[in-house]
Amino acid sequence: MSQEELRAMLASYAERALVGGSPKARERHQAQGKMLVRDRLRKLFDEGVLFEDGLLAGVRRDLPGDAVVTCVGRIHGREVAVIANDMTVKAGTWGYTTFLKITQMQELAARNKIPIVYLVDSAGARIDDQFDCYLGRKAWGNIFYNQVQISGVVPQVCLMFGPSPAGSAYVPALCDVTFMVDKNATAYLGSPRLAKMATGEDVTEEQMGGARMHCTMSGLGDLLVATEQEAIEKARDYLAYFPDHFESKPSLQPPRPPEDGPRPSAVVPPNQNTPYDVRKLIRAIVDEGSFFELKEAFAKELCTGLARLGGRVVGIVANNSANKGGVLFNDSSDKGARFIWTCNAFNIPLLFLQDISGFMIGSAVERAGIIRHGAKLLTAVCEAKVPRISVMVRKGYGGGYLAMSGAPTQPDAQLALSGAMPALMGPEAAVNAIYLNEIQALPEGERNAFIQAKREAYARDINPYDPADRFSFEAVLDPDDLRDDLIARLEIYSRRAIPRIDRRNGVCPV
Amino acid sequence: MSYQVLAPMAGSICRIEVAEGDAVKEAAVLLVMESMKMEVPVEATFDGKVAKIHCNVGDLIDQDQLLITLA
Chain A
1 MSQEELRAML ASYAERALVG GSPKARERHQ AQGKMLVRDR LRKLFDEGVL
51 FEDGLLAGVR RDLPGDAVVT CVGRIHGREV AVIANDMTVK AGTWGYTTFL
101 KITQMQELAA RNKIPIVYLV DSAGARIDDQ FDCYLGRKAW GNIFYNQVQI
151 SGVVPQVCLM FGPSPAGSAY VPALCDVTFM VDKNATAYLG SPRLAKMATG
201 EDVTEEQMGG ARMHCTMSGL GDLLVATEQE AIEKARDYLA YFPDHFESKP
251 SLQPPRPPED GPRPSAVVPP NQNTPYDVRK LIRAIVDEGS FFELKEAFAK
301 ELCTGLARLG GRVVGIVANN SANKGGVLFN DSSDKGARFI WTCNAFNIPL
351 LFLQDISGFM IGSAVERAGI IRHGAKLLTA VCEAKVPRIS VMVRKGYGGG
401 YLAMSGAPTQ PDAQLALSGA MPALMGPEAA VNAIYLNEIQ ALPEGERNAF
451 IQAKREAYAR DINPYDPADR FSFEAVLDPD DLRDDLIARL EIYSRRAIPR
501 IDRRNGVCPV
Chain B
1 MSYQVLAPMA GSICRIEVAE GDAVKEAAVL LVMESMKMEV PVEATFDGKV
51 AKIHCNVGDL IDQDQLLITL A
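From first to last, the protein sequence lines are chains A and B. Residues 1 to 510 in the numbering used here are what the first sequence lists, from first letter to last. Residues 1 to 71 in the numbering used here are what the second sequence lists, from first letter to last.
Honestly, the hints are just simulated from the structure, not real lab data. Errors might be hidden in some of the hints.
[What the hints assert, rightly or not] Quick list of in silico lysine-lysine cross-link-like pairs, DSS-like style, CA-CA up to 30 Å:
| id | chain 1 | residue 1 | chain 2 | residue 2 |
| --- | --- | --- | --- | --- |
| 1 | A | K300 | B | K52 |
| 2 | B | K25 | A | K300 |
| 3 | A | K300 | B | K37 |
| 4 | A | K280 | B | K52 |
| 5 | A | K183 | B | K25 |
| 6 | B | K49 | A | K454 |
| 7 | B | K49 | A | K183 |
| 8 | A | K300 | B | K49 |
| 9 | B | K25 | A | K280 |
| 10 | A | K183 | A | K196 |
[Said to hold, decoys possible] Among the chain B residues that face chain A by a calculated CB cut under 10 Å, a handful are:
| id | residue |
| --- | --- |
| 11 | E17 |
| 12 | S35 |
| 13 | M38 |
| 14 | G48 |
Yeah, the Cβ is synthetic: ideal placement off N, Cα and C, and Gly gets one too.
I would like the entire structure built from these sequences, with the hints used as guidance.
Here is the structure:
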């Protein structure tokens, strides 16, 4: 063949591969408001694909790309590996070459230490290929095996544009974060049709595993977005807070003052029992526009998110008294632990804003295992080796104080605001515990006055100055001075070495 | 369509801010519970009307107990 003919042949194969599925499949896909995979990549990258592996895989079997695009491109100037299902080719299912492409791109990212973004839109494993792909050492399960090996080495981000059923539901679960497009993303181990057959349950796809369900109830989703465009923008924003891999640090940005709005002292109600939205306090102290909340609709009593303080990235864990009084539950313990692990993995310092009356009590939560869930949060805090600053904003009671990175868990600093109330428990519970016998010995008519006097005396003892006198706090601060103090401390604490512990793993409660 | 407002956590009823028949806007506080020594406001999740109030001030409430029906 002549050079011209060779060139034409290559171009025709490439063109065939780049188009994706059949015109009918592409039309059906776009009619659902979904972008074609190549359009998604154009939006995700600064300037298109740098290189692609396996463009011609499947092209002679009428399976362009074998239903997946694996490539490298740049986001904010940094290289990122992408694994993107093509729903228009055989419903984005995983065949044998699909699996080879996915695992090879994962290994490329791990070896060369660049983040991975998974663009998920797939009907899952291709059942007709199961005997090649299911059982042996080289099989679909390697995708999850790789995700686990890579976890904490480079960031792994999942964008769910469509389904990810059955086994493939572990792809979002094993990523650091998963952003889900409302009404299109779904994940479940068994489909509604399967559930109907197996147990008789009658539910819709949305009820079984819709994006809204996962972002509000199961906790699989980290962010519910309205459109694919929004998911892509959020992924680009998210990665800006992370280094490329665990041995490097997040980038510094020029510092920006907090947004215009009430000062911290005007945001926090002095009455400790009055709820307020802690996100107002966060916005009043961090750099303008830098707060990126994760799992905002799940276990809202604990707020988690990334932000910048004086240009430096910080992960924030804050009790939010606007929801369930800010009390810690099972789900909020899970949420906090996972966020701490994510920050610790990637050299992101942690800021804890404590306003906690404790872990929830009662037989319902005990039966649901609140002790082991709380122990998990405590484990994550105690294992965290990145710089860690804790601030007692209002209440700091009991085990909740410890799980929120209290001084005994060895943060770099435990600070207190001037309205802080550190104690093992509040006045009501404490007086009842300490004086139960005396109260019962008193005549009925005298009890209330006795209890009231003891409560007032106990409440007077709860203040930040006795602990400051004993040097239990590094500093007691006016709320309006907090930001500057944090910036100065983070600058210094970020210089220290991050220790490693020589062991295989702790035995973490779950 | 009616919607059941359930208790977010165990506690007691501190104040009830609405009456049956009231029209309420999304995010309006319907009642305030007390739990773990914190005030816990319970809000409307959409614009609607208070069809029935199923609790009284001082009642002890379990998590997920029915508090108010909105219509």
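Right, here's what the structure says about each hint:
Proximity of A/K300 to B/K52 is assessed by CA-CA distance (about 27 Å); at most 30 Å being required, the pair is judged to hold. Note on B/K25 and A/K300: the hinted pairing holds, with a Cα-Cα distance of about 21 Å set against a maximum of 30 Å. For the given pair, A/K300 sits about 18 Å from B/K37 by alpha-carbon distance, which is consistent with the 30 Å threshold. Annotation: proposed proximity of A/K280 to B/K52 is violated, straight-line Cα distance about 34 Å (limit 30 Å).
Only pairs whose Cα atoms come within 30 Å are accepted, and A/K183 paired with B/K25 is accepted, the gap being roughly 25 Å. This hinted pair does not check out: B/K49 and A/K454 have alpha carbons roughly 45 Å apart, beyond 30 Å. The hinted pair formed by B/K49 and A/K183 meets the criterion: a straight-line CA distance of about 28 Å does not exceed 30 Å. Only pairs whose Cα atoms come within 30 Å are accepted, and A/K300 paired with B/K49 is accepted, the gap being roughly 26 Å.
Restraint check: the Cα-Cα separation between B/K25 and A/K280 comes to about 22 Å, which is no more than 30 Å; the hinted pair holds. About 21 Å separates the Cα atoms of A/K183 and A/K196, which keeps this hinted pair within 30 Å; it holds. About 14 Å separates the beta-carbon of B/E17 from the nearest beta-carbon of chain A, more than 10 Å, and the hint is not met. The closest approach between the C-beta of B/S35 and any C-beta of chain A is roughly 6 Å, which is under the 10 Å cut-off, so the hint is satisfied.
Contact between B/M38 and chain A, as hinted, is supported at the beta carbon level, the nearest pair being about 3 Å apart and thus within 10 Å. Residue-level restraint check for B/G48 is violated (minimum Cβ-Cβ distance to chain A is 20 Å; threshold 10 Å).
Checked against the numbered hints above, the structure breaks hints 4, 6, 11 and 14 and satisfies the rest.
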